[in-house]
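Protein chains in written order, with the numbering used here: chain A, 87 to 308; chain B, 5 to 225.
In short, the hints are calculated from the structure, not lab data. Just so it is clear, CB atoms sit at the ideal spot from N, CA and C, and this is done for glycine as well. Check the hints yourself; a few may be wrong.
Residues from chain B shown here face chain A by an in silico Cβ test under 7 Å; the list is partial [to be verified]:
hint: 1; residue: A119
hint: 2; residue: I120
hint: 3; residue: I124
hint: 4; residue: S134
hint: 5; residue: I144
hint: 6; residue: V147
hint: 7; residue: I150
hint: 8; residue: F151
BS3-like mimics (lysine-lysine), calculated; alpha carbons at most 30 Å apart, straight line [to be verified]:
hint: 9; chain 1: A; residue 1: K98; chain 2: A; residue 2: K241
hint: 10; chain 1: A; residue 1: K90; chain 2: B; residue 2: K69
hint: 11; chain 1: B; residue 1: K114; chain 2: A; residue 2: K269
hint: 12; chain 1: A; residue 1: K241; chain 2: B; residue 2: K84
hint: 13; chain 1: B; residue 1: K6; chain 2: B; residue 2: K211
hint: 14; chain 1: A; residue 1: K241; chain 2: B; residue 2: K211
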Amino acid sequence: MLFKEILYLIQKDLVLEWRQKYAFNGMLLYVSSTVFVCYLSFGLRSNVLTVPVWNAVLWIILLFTSVNAIAKSFMQESRGRLLYFYSIVSPQGVILAKIIYNAMLMLVLAVICFLFYALVLGNPVQDVPMFLLSILLGAIGFSTSLTMISGIAAKAANSSTLMAVLSFPVIVPMLLMLIRMSKNALDGLDRSTSLDELLTLLAINMIVVTVSYILFPYLWRS
Amino acid sequence: MKKHWWKILAVLLLVFTVVAGMLSEVPRLPILNETIRNLYFHVPMWFGMILILLVSFVYSIKYLKTPTTRNDIIAAEAAKVGILFGVLGIITGMEWAKFTWGDYWSNDPKQNASAIGLLIYFAYLVLRSSFNEQQQRARISAVYNIFAFAALIPLLFILPRLTDSLHPGNGGNPGFNSYDLDNRLRAVFYPAVIGWTLLGVWIVNIKSRLELLKQRLYETV
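With the rest of the complex left out, here is chain A (with noise of 0.2 Å):
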């Protein structure tokens, strides 16, 4: 039944999202240019973008990506669409699904946004599936505990700076991890080497999505 809700709700973001596609391609467009502002503020001297700086650039710009992506998961729907999932579905569902929903088009834009970084700023990863790898749950990670806090920010009055203070804090554990994973894969690193972080990752999710999971029907209610 959950199942099955979950798979209706994330097949109506989808075609919502199909059908006006400014906002995708706001975010397309958001992080192209955001890389081509970086390329142009390195490109006058190329040397100096070490490889850690590379690393630390990129996730900056997937952090700041996915801030303003997943902010608007629950600011754009109205209230009167709002009142009609309330009668219809289950809170679980509406959360569950907008985590897979959100982690399915962080996924994209990611990759994206790595393909294009990689070709504009050159590609210095040894050990392409890891680093691919440390983007994929990246991507799980960030909308799994962003998905929750555009829930309490979108309840408030100034949602919009509310959503970068309470998230910044909360991704910061993640984003160490991920950092320090795809470093390793940046130097093609042995495999064995990122799996403290990798384990460390999973288990934040988990914690992440059962709280998100317990605590979102308080939430809905209001």
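Guided by the hints, dock chain B onto chain A, whose structure is given.
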């Protein structure tokens, strides 16, 4: 009087902590020297912070189960006192770090984690202040408080253990227990932890009673 024994205990323990902490005999260790006395002030702040934030967390859960003003106020006031302890912990820690590690801020994972932890709770205060309607504020900040505490636990207890830290007990450094927390230190340290935590609980108690009275006053006027 019977109800207030723990307040007297808190006062006595803190007097003991300050007097004995400053005057008692401590082990002479290289680098640490006399700064080891900070153990009685810096470390209990973190114990106190975690316990008081735990109180806040529990009252947020209680609020979601039975939404009363009392539960909300206690959760909020406990979070504020937790922040106070955290700030004091960071200040005493920076002072200690200056004398032992050579810098106020030395990019230590635990220092960073505690700074991020404080940011999470500052965000909680910002979130609280952005609602006008009281019930909505109470429920949504309770949700965020629970979410934040779940994020804080891996931050403070799991991540620093994965990396090298200058703190004892991390990244191959032996913990206090294993070599230098001898019985002379322990005799002051444990009372200090209990004393500071009780003081924090006392502050929460008074502040939440005051807030409740204020609320009642507004309602009757």
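> For which of the previously enumerated hints does the structure constitute a violation, in increasing order of number?
Replying inline: 1
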